[in-house]
Amino acid sequence: MIDKAVRFYHSGLFDWFVQRATALLMTAYLIFMLIYLFINPDLSYGQWEALNKSLGMRAFTFLTMIAMLSHAWIGNWCVLTDYVTERLIGPKANFIRNSIRFGMAILTFAYIAWAINILWRF
Amino acid sequence: MAEKKRPVNLDIGTLRLPITAYVSILHRVSGVVIFFALAILLWMLDKSLSSQQSFDSLKEMLGHPFVQIVVWGSLVALLYHAVAGVRHLLMDLGVGEESFQAGRMSAWIAVGVALASIAVITLWIFV
Numbered sequence: 037m038i039d040k041a042v043r044f045y046h047s048g049l050f051d052w053f054v055q056r057a058t059a060l061l062m063t064a065y066l067i068f069m070l071i072y073l074f075i076n077p078d079l080s081y082g083q084w085e086a087l088n089k090s091l092g093m094r095a096f097t098f099l100t101m102i103a104m105l106s107h108a109w110i111g112n113w114c115v116l117t118d119y120v121t122e123r124l125i126g127p128k129a130n131f132i133r134n135s136i137r138f139g140m141a142i143l144t145f146a147y148i149a150w151a152i153n154i155l156w157r158f
Numbered sequence: 139m140a141e142k143k144r145p146v147n148l149d150i151g152t153l154r155l156p157i158t159a160y161v162s163i164l165h166r167v168s169g170v171v172i173f174f175a176l177a178i179l180l181w182m183l184d185k186s187l188s189s190q191q192s193f194d195s196l197k198e199m200l201g202h203p204f205v206q207i208v209v210w211g212s213l214v215a216l217l218y219h220a221v222a223g224v225r226h227l228l229m230d231l232g233v234g235e236e237s238f239q240a241g242r243m244s245a246w247i248a249v250g251v252a253l254a255s256i257a258v259i260t261l262w263i264f265v
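The listed protein sequences derive, respectively, from chains A and B.
When we follow our numbering, the leftmost residue of the first sequence carries the number 37, and every step to the right adds one.
When we follow our numbering, the leftmost residue of the second sequence carries the number 139, and every step to the right adds one.
Derived by calculation from the structure, the hints in this document are not laboratory data.
Don't be surprised by glycine CBs; every beta carbon is placed ideally from N, CA and C.
Any given hint could be a false lead.
[Claimed, not checked] With a Cα cut of at most 16 Å, we get these calculated EDC-like pairs of lysine to aspartate or glutamate: (1) B/Lys185 with B/Glu198; (2) A/Lys128 with A/Asp118; (3) B/Lys197 with B/Asp184; (4) A/Lys89 with B/Asp184; (5) B/Lys197 with A/Asp78; (6) B/Lys197 with A/Glu85; (7) B/Lys185 with A/Glu85.
[Said to hold, decoys possible] Here are a few chain A residues that face chain B, going by a calculated C-beta distance under 10 Å: (8) Ser80; (9) His107; (10) Gly111; (11) Asn112.
Whenever a hint applies, use it, and build me the whole structure from the sequences.
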């Protein structure tokens, strides 16, 4: 029991850590993008393409995407297990919650595929 | 037997919620909104990086009020969620987590900072 309680992976502690680490990365990306677009009001296609073609920016964008989807996966679990419960909405709750999780997983992989397509087709 | 007498939960609907609760609920709502808004952000990234023509057509579309409102809504959710999230990170570091009073204060500060950043983004998009 003790062993299980302190295990890091697949634990609340792991989720807690992922939520914070991904938040830091996403905040950095958001601030970078807002400042970049703010100081380049007349951004040209060439400049924008060159920025996003660089390996650093591809990695930054893709890792932020993965961070966001991981963060959303954990956040969605917190929200669903609070509200979509048998106590609050009845015996169909588990089925509904699992269906939403399934739909979200599909959308998550679609987002990843789309992002890869955008970032690596040049 | 004692198990059965335990209250299951408080009925949230009958309580007058403090500002901290609204900040928390909005954090959750904005999080869900962002998950769907990600489609809009990816669509813009896609359009902006496809070709010179599609870059230009995106620029033109961003001049239309409907598109502006959708992008504005996505950014509002993103900014609010980020600000409320930074509040959590600061609380993890021990800033303003000692008392309910401190939590209420930081919640109001988060609302203020979020509104200020939303005001800036509103001016940027519409003016």
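Hint consistency between B/Lys185 and B/Glu198 [alpha-carbon to alpha-carbon, up to 16 Å]:
The given pair, whose Cα atoms are some 12 Å apart, holds under the 16 Å limit.
Fill in: B/Lys197 paired with A/Asp78 [C-alpha distance capped at 16 Å]
Given pair B/Lys197, A/Asp78 holds - Cα atoms ~10 Å apart, limit 16 Å.
Mind checking the alpha carbons of B/Lys197 and B/Asp184 for me, to see if they're no more than 16 Å apart?
-> Judged against 16 Å, a Cα distance of about 13 Å means the pair holds.
Next on the checklist: Would the hint linking B/Lys197 and A/Glu85 be met if the CA-CA limit is 16 Å?
Outcome noted: Given that 16 Å is the threshold and the Cα spacing comes to 14 Å, the pair holds.
So, as I understand it, the hint says A/Asn112 touches chain B; can you test that by seeing if any CB pair is closer than 10 Å?
holds, 7 Å
| request: Tell me if A/Ser80 is really an interface residue toward chain B, meaning its C-beta lies closer than 10 Å to one of theirs. | output: holds, 9 Å
| Taken at face value, is the distance from the CA of A/Asp118 to the CA of A/Lys128 at most 16 Å? | The given pair, whose Cα atoms are some 15 Å apart, holds under the 16 Å limit.
Satisfaction of hint between B/Asp184 and A/Lys89, Cα-Cα up to 16 Å: holds, 13 Å
Notebook entry, point to check: Can the hint on A/His107 be confirmed by a CB-to-CB distance to chain B that is less than 10 Å?
Noted result: Cβ of A/His107 sits 8 Å from chain B, so the hint holds.
Given the hinted pair B/Lys185 and A/Glu85, is their alpha-carbon gap at most 16 Å? holds, 11 Å
- Do the numbers back the hint for A/Gly111, that is, is its least Cβ distance to chain B under 10 Å? holds, 5 Å
Violation of the numbered hints given earlier is absent; every hint is satisfied by the structure.
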